[in-house]
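Here is what each chain is made of, one letter per residue.
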Amino acid sequence: NAGVMQNPRHLVRRRGQEARLRCSPMKGHSHVYWYRQLPEEGLKFMVYLQKENIIDESGMPKERFSAEFPKEGPSILRIQQVVRGDSAAYFCASSVAEGNSYEQYFGPGTRLTVT
Amino acid sequence: AQSVTQLDSQVPVFEEAPVELRCNYSSSVSVYLFWYVQYPNQGLQLLLKYLSGSTLVESINGFEAEFNKSQTSFHLRKPSVHISDTAEYFCAVRGGSQGNLIFGKGTKLSVKP
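So the protein sequences, as listed, match chains A and B.
Under the working numbering, the first residue of the first sequence is numbered 1, with each subsequent residue one higher.
Under the working numbering, the first residue of the second sequence is numbered 1, with each subsequent residue one higher.
So that you can see chain B by itself, here it is in the shape it has in the complex:
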């Protein structure tokens, strides 16, 4: 069975500092990985995804994630965070033949001035 582990439940950082949110997965089949962001009282928005090809994927707002098959990881990074990046971030893997997503428990990123 597929599963996703996000080791850090909360990550506090100062503005303009770099950040890494960790995600490890387990899967015995082809892997499709996603990062979603959830702002308070809102739904989830897709941040970036890995389906195939280049192992480094980027979002339009400066986040990037690297698929590492040997370490079964898909960590999310940003070199310099903004206050507006404060949100909860969920890593997910596509599970089963029907395409439902399997989520980690989420990491709350808190950016302080």
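With the rest of the complex left out, here is chain A:
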């Protein structure tokens, strides 16, 4: 049973370009969380999705960031017109169900560098 997959592992973008980060949850998991880790900081929650639904996006910046989790295929975190401050590691986690007792399994992360 493969774990949570993220690609690409490393992504370099110039300022103003778009970044697309992909997350394939573990088999059987329909809940996806995205977190961002800035240098010297802990992970910060961004968004929580279920298939075809955004459940909680309270941690998402209001502009340029969007996320989706379609019926088929991976979850996508999209950052438009990237700026240097977007440079960070982006992790997704998946769980089998909603609720505090269900473990979140983390992917290896995508390290975004904006030049």
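To be clear, the hints were calculated from the coordinates, so they are not data collected in a lab.
The reader is advised that the hints may include incorrect statements.
What the hints assert, rightly or not - Restricting the straight-line Cα-Cα distance to at most 30 Å, the calculated cross-link-like pairs of lysine-lysine (DSSO-like) are:
1) 44/A x 69/B
2) 51/A x 69/B
3) 27/A x 49/B
4) 44/A x 108/B
5) 105/B x 44/A
6) 62/A x 105/B
Given chain A's structure and the hints, the job is docking chain B onto it.
For chain B alone, coordinates are given in the frame of chain A:
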């Protein structure tokens, strides 16, 4: 609002010495606490968790943490560390009704020979 504080950003120790990584939380609701470990350039792995029941929880590799409600703490301990324990350790609390995690800033444990 819930929050997590890890007071020590870096903890250097010698191999086979004991270690304690401190974690304090604030929460006005039921508490679910976690410790994650992150090795360089890797994702987070769950080390141990407290959901309910016994306040002392243990991992398979010798770490343990004790939930202390009166002190709002969930410190991580190991009686004898190995070089392979060198990593960054994150304490987290489950926040909100949706289950998203709230993390501390992390503690880098460096084990020296």
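Here's how the hints hold up against the structure:
1. 44/A x 69/B: holds (24 Å)
2. 51/A x 69/B: violated (37 Å)
3. 27/A x 49/B: Roughly 23 Å separates the two Cα atoms, so the pair holds.
4. 44/A x 108/B: holds (18 Å)
5. 105/B x 44/A: holds (10 Å)
6. 62/A x 105/B: holds (23 Å)
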